[in-house]
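Asks: Going line by line, the protein sequences match chains A and B.
Numbered per this note's numbering, the first sequence spans residues 30 to 364.
Numbered per this note's numbering, the second sequence spans residues 282 to 852.
Source of the hints: derived by calculation from the structure; they are not laboratory data.
One thing to keep in mind: the hints can contain errors.
[As the list claims (entries may be wrong)] Residues from chain A that keep clear of chain B, each with C-beta distances beyond 12 Å, as calculated:
#: 1; residue: 126
#: 2; residue: 218
#: 3; residue: 356
[What the hints assert, rightly or not] In the DSS-like style, the derived pairs of lysine-lysine whose C-alpha atoms are separated by at most 30 Å in a straight line are:
#: 4; chain 1: B; residue 1: 582; chain 2: B; residue 2: 617
#: 5; chain 1: A; residue 1: 87; chain 2: B; residue 2: 609
#: 6; chain 1: B; residue 1: 717; chain 2: A; residue 2: 87
#: 7; chain 1: A; residue 1: 242; chain 2: B; residue 2: 307
These numbers come from a predicted model, not from an experiment.
Backbone N, C-alpha and C fix where the C-beta goes; we use that ideal spot for every residue, glycine too.
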Amino acid sequence: MLETSPRDGASRIGQAEHDDTLLARNSRIAPGASIVVRIRRQSNGGDRYDTFNVPYRKWMRVLDALNWIAENAATDLAYRWICGSKMCGTCAVRMNGREVLACWEAVEPEMTIEPLRNLPVIRDLVVDRTPFENKVARLEPWIERPDAYTGFPEPLSHKQMKDASKALDCIGCMCCYSACPVIGLGDLTDFAGPAPLVQLGQTALDPRNSPVKVARSLALTGIFNCVSCYKCEEVCPAAIPIVSRVIEPLKAKAAQLLPEHARHSRALRRIIAERGRVDPGALVLRVQGLRAFGRLPRIIRLLLRGKINPLRTLFGTKTTAAEPARRLLGREVSQ
Amino acid sequence: MQILTTDVAIIGGGAAGCYTALNLQKRGIKSIIVCKGLVGKSGASLFAGNLVISGRLLGNSETQARNTAEFLIKYHNQFLIDQEWARRCGAWIEQVYYPELEELGLYFRRDDEGNVVTSPGAIRSIAANVQGNSGVPFMDLRRKQVIRAGIPRLEETVATALMHNRDGHVGGVFCLNYMTSEYVAVQARAVVLATGYSDRLHQRSTGTREMSADGIAMAWRAGATLVNMEMQWWHTNDIADPPSWQRMQVYPNPMLGSEKSAQMINSAGEEFFNQQNDDPLAFGPYTVQLKALAKQVHAGKARYDGGYYAGFNNCDASEVETYTTYGKTFRQLGLKFPEQLVETAVTSHYRQGGIDVDTTAMRSSLPGLYAAGGVSGHSNGLIGLATYDGKVVADGIFAAFESLPDRPISEAECEVERRRLDGLRSRSQPGITPVKVKEKLRKLMWDKVGVEKSAAGLRSALEDIEEIRLGVLPDMSISTRSSAANFEWLDAIDVMNMIDVCELIVHSSLERKESRGPFFRTDFPATDNRNWLVANVLRKLGNGLRFEQRPYQLPFFSPDFEVRDNLQVAW
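Using the sequences and the accompanying hints, generate a full structural model.
Replies: As C-alpha cells, then:
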C-alpha cells in the first residue's frame, strides 16, 4: 500500500507519481537484481546512449545509480549534484521522460536518463544554468519597500504571506522549466517560464514589496503566455502549487497593475461572463480590434476551419452559464 | 591563463563569503567570489535548519539571553572559544543581523495572527519560512544580493593554491574552472578563505559533495597556523540509508510551535534521548546526544553506524509538519509518519577547529590571508556566527586596506601550480580512480579517527595515510578526456587536499590528551580543565609541524570542575 501524503488536494495534479515512495519501489525490485540504466551522453563530439546494468540496493534513488555508474562503469560520466538531500536543486534530470531530482526519486527497473530540456547541455547530464539565472536576475526578484522598515519584527502575518511562502519553497532545480511546453517553443514567445516566475513570486507576492517595482518586473515576464497546463506543478519536487498559488496570483496582479498586458485574458473573461461561453470571433475582435481585418488570409483560414463564426458572434444569444460565470468572474470582470 | 585583478579575493559562496563581499562593497572595496559550487547553493550554509534568537530579542527574558550565551560557549564550543568575540557577536546578532535580514525581505515565519513563530524553552529559535529549510531562502537571498550588487562570481571554479606577491604576502589565488578546464588566477590585496567546515573526510559525513577541506589544506601549505583540528562535531541521529541522505538529520532541537521534540530509541526499544527531558538548555544538543548514544553503544544497544532509531511517534503529524520539513524524509522512504521511526547513525559534522585567526579582524598568521566562518578555528556552528565573521573580516580589511600591498603575484608560483594540476589530469595509465581513493581515506578516518579514538588507533591511521600517500596516490589516474565538466579531475585535486588535512587531524587528535565534549579518547576519558582548557595550536615548520598550547580567557563562563569523566559532564 502506498502512503499518501496530506497535500492540498486539487492542486496536487500529477502527484500520484511522487507518492510512489522509495519503499514502494523497493518492493517492486528484488534486492540483488540489476536495473537497466540508459544514459544520454552528449559532448562536443557526439550524442549517444550508453546502457549500464546497475545492481539494485535497498531504497535506491536515481543518484545512487548514477554514483554507482561513475564509480564502477563510466568514471567520465558528467552529472551535477551538491547536497544530495533536496535542498540545492542542482541534480535534476529527466528519467523516462519526466523531470525528477536524482537525489530524491526512486529508480525504475528500466530507466532512461537524459539532461533537462530547454537549456544548453555542457556535457552528458550537466546543463548550463546561465540562461535561467540571467532570466531570474533580469526580473530583479527582490524587495523595494515603498515605506521605511519599522524594525524587527515588523507587522506581517502568514495570511498575507500565504502565496509567497509557497514560492519560497523553490530550490531552483528547473524541473518545471524543462517541462514547460511554452518554454519549449523557444523564442516564439517572451514567456519567462515557470521557475523564473516562482523566483519572482517570492517577492512579487510579498505584501511588503512596492507595486511599482512589482509592475516593472511583471512587465518583463510575458506571463500571459502561460497556458495553465499544470506541467510545472506535475514535476515540482518541492510540491509547490506553481499554477494555482504562484502564476495565477501573479497574473491577477499583472491584470491589475499592467492592464494593457492582460488584454487577451481580460477580454476572454468578459466574453465568458457576458455570453456564458467562449466566443473566438469576439475574442479576436476585442483583442485585435480593426487590425484583425488587416490579416484577411488568417481570418479566412479561421472561418474555413470553423474556429470563428461571425453570425454567432453578432447574433448569438447568451447561454444559461452566463449568470454563474458572471458571479464567478464578477470581481475581476468589473475591474 | 586568465589573470583577474581585484581588491579582495573571497573563496567560498556561503554565508561568510557572501556577507564579506557585500560588506566590502559597502565600504567601496571590490571583490570577486570564487565558489567551488554555486553561490548560495553549495556549502554548509544551505543546511541551516533554523535561527537562534539571542539576547533580549522577541521578548527573550534575561535568563533566556544568558542561556543563549552559555549554550554557545559551553555546549557548542566546550569553552574553547574567545568569550569576548562571542559577546560582540551576540550583540551584533541582536542589533543588526535580524533587522537587516528582515528589511531585505527574509520571511521569518509568522502565524495567521502575525506573531513570529518560535520554538519554546530555555533557548528559542525561529525559521526562515520553514524550520529545517531556513538555509534555502536565506542563501537564496544572499545569492540575489550578490547579483544585485554586481559582485563578480567565478562559480564551479575551485581555488587550488594561495599565491604570494613580491612582498611575500598572500596576494592571490590560483583557480580552475572545472566546467571549462580553464585556469584563472585572481590577484588581490588580500584573500579571504570562507570555505566552510572541512566535512566529508569521514565515511559518513554531512556537508555537500564538493567539501574536501580545501581552505585548510591551502592555508596549511602556504604556512598558516591551525588550531583545535581534533575538535570534530558529530550528528547523532542522521538517516542511516540511503547514502547521500546521511546528512539528513532527525532534528533533536525544539520544534517551532510545539512543546515536543524527536526521540531516540535503542535497539531494545527503549527511549534514550529526548531533548525536552534530557537537556532543555542544550538547544542543539548534539554533543549531549552523542554522550547518551555512547552509553548505549557501550551497553550493546546501538552502534555508531546504525542499529538505533529516531522519529516523532510522540507527536501528531500536524504538530510536526505545520512549521517544519521534518516529515519529508519519512514520507519519501515510505514510512508511516509520524508512527514509524527511521534507523539512524552517527555522521561527522562541523569541525570546531580550523585556521587560527585573530578574532578582531579574522587575520590568519600569514600577512594578506584572512579566514571567516567555518574554516576558521575560533568557533563552531550556526549561520549567524559565520555571517558575523563576514562583517568582522570586511571591517578588518577596510581598516588595514592602505597597508595591504597591491602587487602582482609570483608568475613562477603560478607555473608550479599549473604543472601540479596538469600532472593530476595527465596521469592516464589505468590506475585507481580518485573517487576510490576518497573512499579509502573516508573509511580509514571512520574506522580509526571516528567517535572513539585511542593513541593506538590514531598511530595506525597515520601509517595508513602514509601507505596511501606512497602506495596509492602514484597510481591515481583519471579517464575523463573532455575539458567540459571534468568532475574526475576535480576529485583528484580534492584527494590531495583531503589527505593533508586528514593527517593534520590525526596529529592534533593525538596531541590533545583528554576527552572534551564530542572529542572522545578512550585512553584519556576525562575532561581535563587543569591541563587542556587550551587551544591546541598547530604550527608549520618547514615540512614538519609543532604543537603549542594557548590558554583561553574565561571572563563570563567557566567550568565548575577540574577533572571529570567526559561521559559524566553535561556538555
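Asks: State for each hint whether it applies.
Replies: Outcome of the hint check:
Residue-level check passed: residue 126 of chain A sits 21 Å from the nearest beta carbon of chain B, beyond 12 Å. Against the 12 Å criterion, residue 218 of chain A stays outside the reach of chain B, whose nearest CB is about 25 Å from its own CB. The claim that residue 356 of chain A lies off the interface holds: its Cβ sits roughly 28 Å from the closest Cβ of chain B, which is beyond the 12 Å cut-off. Distance hint between residue 582 of chain B and residue 617 of chain B is fulfilled; the C-alpha atoms sit about 24 Å from each other, no more than 30 Å.
Restraint check: the Cα-Cα separation between residue 87 of chain A and residue 609 of chain B comes to about 18 Å, which is no more than 30 Å; the hinted pair holds. Note on residue 717 of chain B and residue 87 of chain A: the hinted pairing holds, with a Cα-Cα distance of about 22 Å set against a maximum of 30 Å. Distance check on the hinted pair: residue 242 of chain A and residue 307 of chain B sit about 23 Å apart at the alpha-carbon level, within 30 Å; holds.
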